[in-house]
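So the sequences go chain by chain: W and U.
For the first sequence, counting from 1, position 58 maps to 58 in the working numbering; every step adds exactly one.
For the second sequence, counting from 1, position 358 maps to 358 in the working numbering; every step adds exactly one.
Note that these hints are calculated values from the structure, not bench results.
We put the CB at the ideal spot given by N, CA and C, even for glycine.
You may find that some hints are simply not true.
One-sided and incomplete, this derived list gives chain W residues near chain U with beta-carbon spacing under 7 Å [stated by the list, open to error]:
1) 59
2) 63
3) 180
4) 181
5) 183
Sample of chain U residues lacking proximity to chain W, with all beta carbon distances greater than 10 Å (derived) [what the hints assert, rightly or not]:
6) 49
7) 172
8) 267
9) 282
10) 330
11) 345
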Amino acid sequence: MSTVRPITASTTEPAWVRRLLIAAVLLLVMVMLILPLCAVFQQAFENGAAAYWAAIRDDDSVAAIKLTLLIAAIAVPLNLVFGVAAAWAITKFDFPLKNLLSTLIDLPFAVSPVISGLIFVLLFGRRGYFGPWLENHNIAIVFALPGMVLATVFVTFPFVARELIPVMQSLGRDEEQAAIVLGATGWQTFWRISLPNIRWGLLYAVILCNARAMGEFGAVSVVSGHVAGLNNTIPLQVELFYDDYNFSGAFALASVLAMLGVVTLILKKLIEWRTGIRADA
Amino acid sequence: MSIEVSHISKSFGGFQALNDINLKVESGELVALLGPSGCGKTTLLRIIAGLEAADEGSVVVEGKDATNQAARERGVGFVFQHYALFRHLSVLENVAFGLRVRPRSLRPSNAEIKTKALELLRLVQLEGLEKRSPSELSGGQRQRVALARALAVEPNVLLLDEPFGALDAQVRIELRRWLRRLHDDLHMTSVFVTHDQEEALELADRVVVMNKGQIEQIGTPQEVYERPASPFVYHFLGSVNLFHGRVHNGRATIGSLDIAAPDDLINTESKAVGFVRPHELEISRSPNGKATLQARVSHIHAVGATIRVELVDASTREFISAELTRSRYQELALVVGDQVYVTPSNIRVFAADLDFSI
Numbered sequence: 001m002s003t004v005r006p007i008t009a010s011t012t013e014p015a016w017v018r019r020l021l022i023a024a025v026l027l028l029v030m031v032m033l034i035l036p037l038c039a040v041f042q043q044a045f046e047n048g049a050a051a052y053w054a055a056i057r058d059d060d061s062v063a064a065i066k067l068t069l070l071i072a073a074i075a076v077p078l079n080l081v082f083g084v085a086a087a088w089a090i091t092k093f094d095f096p097l098k099n100l101l102s103t104l105i106d107l108p109f110a111v112s113p114v115i116s117g118l119i120f121v122l123l124f125g126r127r128g129y130f131g132p133w134l135e136n137h138n139i140a141i142v143f144a145l146p147g148m149v150l151a152t153v154f155v156t157f158p159f160v161a162r163e164l165i166p167v168m169q170s171l172g173r174d175e176e177q178a179a180i181v182l183g184a185t186g187w188q189t190f191w192r193i194s195l196p197n198i199r200w201g202l203l204y205a206v207i208l209c210n211a212r213a214m215g216e217f218g219a220v221s222v223v224s225g226h227v228a229g230l231n232n233t234i235p236l237q238v239e240l241f242y243d244d245y246n247f248s249g250a251f252a253l254a255s256v257l258a259m260l261g262v263v264t265l266i267l268k269k270l271i272e273w274r275t276g277i278r279a280d281a
Numbered sequence: 001m002s003i004e005v006s007h008i009s010k011s012f013g014g015f016q017a018l019n020d021i022n023l024k025v026e027s028g029e030l031v032a033l034l035g036p037s038g039c040g041k042t043t044l045l046r047i048i049a050g051l052e053a054a055d056e057g058s059v060v061v062e063g064k065d066a067t068n069q070a071a072r073e074r075g076v077g078f079v080f081q082h083y084a085l086f087r088h089l090s091v092l093e094n095v096a097f098g099l100r101v102r103p104r105s106l107r108p109s110n111a112e113i114k115t116k117a118l119e120l121l122r123l124v125q126l127e128g129l130e131k132r133s134p135s136e137l138s139g140g141q142r143q144r145v146a147l148a149r150a151l152a153v154e155p156n157v158l159l160l161d162e163p164f165g166a167l168d169a170q171v172r173i174e175l176r177r178w179l180r181r182l183h184d185d186l187h188m189t190s191v192f193v194t195h196d197q198e199e200a201l202e203l204a205d206r207v208v209v210m211n212k213g214q215i216e217q218i219g220t221p222q223e224v225y226e227r228p229a230s231p232f233v234y235h236f237l238g239s240v241n242l243f244h245g246r247v248h249n250g251r252a253t254i255g256s257l258d259i260a261a262p263d264d265l266i267n268t269e270s271k272a273v274g275f276v277r278p279h280e281l282e283i284s285r286s287p288n289g290k291a292t293l294q295a296r297v298s299h300i301h302a303v304g305a306t307i308r309v310e311l312v313d314a315s316t317r318e319f320i321s322a323e324l325t326r327s328r329y330q331e332l333a334l335v336v337g338d339q340v341y342v343t344p345s346n347i348r349v350f351a352a353d354l355d356f357s358i
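So that you can see chain W by itself, here it is in the shape it has in the complex:
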């Protein structure tokens, strides 16, 4: 017993293994995440700040940014309501085919976004099931805003429900029942007890849902008409610029999307920090 060895030695990997693993992860993060992100901004500003601003203030770019925000503004609240309702139904009630519903919620994650877009073309397109009827009534869904919103809602559907189900499961029903016995109506129970209890989980879910709604490419691409200035979202417009060899435009717009992504992540982190503090209290 001449030397005192650190107690951790028996409970952790040898130092060289730890260093190797950490280095591998850091390298991967550098090459796969940090470098591309830097490249986007570097490319965007390659021709100077003036060119950058010009590219962003381009009519098509502005239209794309507006459309993206509009779609997110419609799709995210819709999914907020759907997601809360679905999570509520699954965690608070017992009903037939509950497991099936729980599985179906994940469907949009499981199928390729392109297929998600295609199903709406198949349903509402000119040759789709409802196509002729819609055409007769002059309602445009595919290759127009409603189709793009539908595709976005579909693709981002699981975010809210998936985030809330475990939160609601761990909360149980006791607090709500306590509220009801104390004389609260269902509505009061929801606003005063259920919602405050899931607020951080919900905000987190909304942020993730929003990030995906703004960044979605595949599904939206299929149902969009790709008309610049009319129904191109930011990701679609980036592709269009890129295909036109308008690299500064493509990267400038891409940097806007990347910025939205970074802001989203910062918000997400803030919420985690905030909920972490609450959990410790």
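Got chain W sorted already, so can you dock chain U onto it with the hints?
Below, chain U alone, put in the same frame as chain W:
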């Protein structure tokens, strides 16, 4: 407020949780629903509260049929097993909740609500903790917040689900006495669920012993302890010795004991089981002419006011446990290995085909 439960049945899937339950709780009574886990006691409490709907039967509160009344309209106070405090609200707001959600016409002013909540916190001895969050309280404090919250809406009926289940032994005994006082001071009708016989016997005016979705016996603590109506109640309340034997010609023969059979078994020919409480066994050095068993002392536990003696029946080799006073123990000068004679001062015989498993 009296509560009358008639012919209540409830099943969950294939599991029969309650089977034709009839129970009347008088106004001002403190009643314990006692039984092992899964006996249906919590389900019955939740049906009275309106948190669960019965498949059959009715619940009448103060002469009014409440069977189809929503939980929020019944005006009962309910204390949940794990308190179910609102974790995002302060202690004060937890207590104030029941008043805040009242319709505007019945809602007191903010100042009145606050005064009332503080008053209740004083009643449950939690003054000064009103700004804390529930997570900053100990188990016993949370329990008292849950009680104050339930009392805020001035319920006539207070229902408590395992109110002391999650607390330390010390806190539990204190809160038990305190709850009894509170119940008497506020003139409520209270029903609480417990699996702890000591708690039920000490706290309640009447004890309802339940098993497998049915009521085994209703009575005062003394009645259910001294005159158990069924083998189950014998087993569940306190320790008991079991002697196997037969009933024949109006006599019960149990080991070397021969006694008159109970009235309900006089015309029966069957196997029988005799129940004797440890303190109902007398130990003597000589056969005294009465019905006795011969036994050997196998262990003596001589700590405390009562001496517990383990014996082995000489004929059946089964264990018998007896309790005697310290003075009687010293008089007998028992040592392990002694041959002694055991006389039951009270024995209760049941037909053995009854199911008395717990």
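Quick rundown of the hints versus the structure:
| no. | hint | in the structure |
| --- | --- | --- |
| 1 | 59 | violated, 48 Å |
| 2 | 63 | violated, 43 Å |
| 3 | 180 | holds, 5 Å |
| 4 | 181 | holds, 4 Å |
| 5 | 183 | holds, 5 Å |
| 6 | 49 | violated, 6 Å |
| 7 | 172 | holds, 21 Å |
| 8 | 267 | holds, 50 Å |
| 9 | 282 | holds, 51 Å |
| 10 | 330 | holds, 54 Å |
| 11 | 345 | holds, 48 Å |
In terms of the numbered hints stated before, the structure departs from hints 1, 2, 6, listed from lowest to highest.
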